[in-house]
Each structure stands twice: as structure tokens, then as C-alpha cells.
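Trainee: All residue numbers in the sequence shown are consecutive under this note's numbering, ending with 289.
None of these hints come from the bench; they were simulated from the model.
Idealized CB from N, CA, C, for every residue including glycine.
Under the rule of at most 25 Å between Cα atoms (straight-line distance), these lysine to any residue pairs were calculated in the SDA-like manner:
{"id": "1", "residue 1": "Lys188", "residue 2": "Gly148"}
{"id": "2", "residue 1": "Lys217", "residue 2": "His22"}
{"id": "3", "residue 1": "Lys217", "residue 2": "Glu6"}
Computed beta-carbon distance windows for the label pairs:
{"id": "4", "residue 1": "Thr143", "residue 2": "Asp218", "range": "39 to 45 Å"}
{"id": "5", "residue 1": "Pro42", "residue 2": "Asp208", "range": "17 to 23 Å"}
{"id": "6", "residue 1": "Gly68", "residue 2": "Asp176", "range": "34 to 40 Å"}
{"id": "7", "residue 1": "Gln71", "residue 2": "Arg119", "range": "33 to 39 Å"}
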Amino acid sequence: MAAAVELYDVTRNYRMGDEVIHALDRVSVTIGSGEFVAITGPSGSGKSTLANIIGGLDVPDSGTVAVGGMQLSQARDRELSAYRNQTIGFVFQSFNLQPTATALENVMMPLTLARVPARRRRARATECLAQVGLGDRMRHKPTQLSGGQRQRVAIARALATEPNIIIADEPTGNLDSERGREIIELLKRLNAGGITLIIITHEAEIADIAGRVLHIKDGRLTIVSGSGGPAAGGFAAGPAAGGSAGFAGGGSAGFAGGRPDDAGGRAAGGSAGFAGGPAAGGRPSEWSN
Numbered sequence: 001m002a003a004a005v006e007l008y009d010v011t012r013n014y015r016m017g018d019e020v021i022h023a024l025d026r027v028s029v030t031i032g033s034g035e036f037v038a039i040t041g042p043s044g045s046g047k048s049t050l051a052n053i054i055g056g057l058d059v060p061d062s063g064t065v066a067v068g069g070m071q072l073s074q075a076r077d078r079e080l081s082a083y084r085n086q087t088i089g090f091v092f093q094s095f096n097l098q099p100t101a102t103a104l105e106n107v108m109m110p111l112t113l114a115r116v117p118a119r120r121r122r123a124r125a126t127e128c129l130a131q132v133g134l135g136d137r138m139r140h141k142p143t144q145l146s147g148g149q150r151q152r153v154a155i156a157r158a159l160a161t162e163p164n165i166i167i168a169d170e171p172t173g174n175l176d177s178e179r180g181r182e183i184i185e186l187l188k189r190l191n192a193g194g195i196t197l198i199i200i201t202h203e204a205e206i207a208d209i210a211g212r213v214l215h216i217k218d219g220r221l222t223i224v225s226g227s228g229g230p231a232a233g234g235f236a237a238g239p240a241a242g243g244s245a246g247f248a249g250g251g252s253a254g255f256a257g258g259r260p261d262d263a264g265g266r267a268a269g270g271s272a273g274f275a276g277g278p279a280a281g282g283r284p285s286e287w288s289n
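Construct the complete structure from the given sequences, taking the supplied hints into account.
Mentor: Below, the structure is given as C-alpha cells:
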């Protein structure tokens, strides 16, 4: 399995007043192309910081991050903006759809940022909505859709630029059990089609079907379950791993957006964020670690 994501000795600290928060402490991990990875851990453990760094929304204080051979820590703002738009797709717990726009218009937003011609934008957005089972809801606005349908629109938007990697933050967190299972099945199908999935979750059902589970606590990657690969029926418990040992495996995602400028992060350049993310420079409030 080819490596899609490689982190080596990554450290990320935030300063809050006089206190230093150690979000990531010398984390090393390799995620393979086409892998389904679940990232678990308590609130504030560093799991969202890890996802933000992989997605190009944040930068480490030290260590290296390579995605598809691209060294993110050495990339310019324009290159990172293109990376977020073309390589990564983000799905948020709270959907983050534009309330006054239709489902079709929401899905076209990343394509507009990518300067795709209007006719191609519409055709691609229509294709993505059909792929997630919403071909008959293209003209509906978010208030006219159920929670599960809104999350499907968000997933369609993440797919619009044909990313290699999708990063999803608690994608079933705001859904009831039935709608949550539908989203899980959709994500499994996308993974079976070759997309790398990195999912932040507290849901045991998602962890059970992931090819690998990474557990983070106090900024350290402490447990790895499973041997890597696409979605499975379950996972075998792996040995505990202390510190920042490297692990084989895989994953991928895409998004055009800004990097955080809070808590000591750098403001982003390039295009404004889409997929419900902030304009360049802002950090999604729900990605708080």
C-alpha cells in the first residue's frame, strides 16, 4: 500500500495566556492510500489538531508532514490553498452549508473557487448529488432537508473536486441512529471506491468498521488497532504503542480553506474557505481538538 500521508516527529503547541497546550507531542504515523482510519480520543486530546495539520489547516511547530509526496511545511500559501481545494475534502459535524443556497449551489462552491467553468461546475455538482442519493433534492435549501440529507450534501460538496482524501469530523454526531448508519454506509462505499478516509469519531460503530484506529491522548499517539486498509467488518485490537512510534497504514482528504490564526497559528493566504470552513485565517469552531 503506497503512503498517502506521512508525519514524522510532529509537535504542535498552543499558547493560551501563560499556559502552553501541548496539542501534539512528537507524533509519527504513515497512512496508506485508500485506507479507512478512525481517530479517537477524549476532547482536547489532539485528534482534531492532527486532522487539521494533515488537511493543511494548521502547521506544526516542528516535524515534517508529507501528503502525496508534497511537503506541507515547505509549501507556500498559494500551494496550500490549491492543496486544500484539490486534494482534501472536509466534512463537518454541523454540516456548515450556506443556508440561502440550494444543495446544488452548495456543492458547486468549491468548484467556483477552483475556477471551473459554469457548465462543468453544474454537471459535476449534479453528479456528486446523485452519487450520494440526492439527485431529486438539488433545488432544496438546507432548511428543506433532513439532518441526514444535509450531511449528504456536505459529503457531495467534499467530493466535488475529486479529492484523494476525505477528513470527516464526527460526521454522525448530529444525526439519529438510523441517519447515522446511512452516512456510515455511504462513507464505506466511498472508501471502497478508493478514497482515503480519516474520520474523527466517538462512535464505536465507526471505529469497528475502520481498517485502523488511532487513539490520541494528551497529544500522544498511544494506541493503534488494526493493520491498515479499507473499511472492514471490525478490527483486531493491536498492541499499545507509546510515544511517537511510526505506524504503517493509509488515508486521504480534501478542502479549500484557511489555516488558523488563533492560538499561535499562522493566518492563511490564498482563497477563502469553503465547505463551511472559515474564510482564510479562521479555524472551524468545532475543530477545537
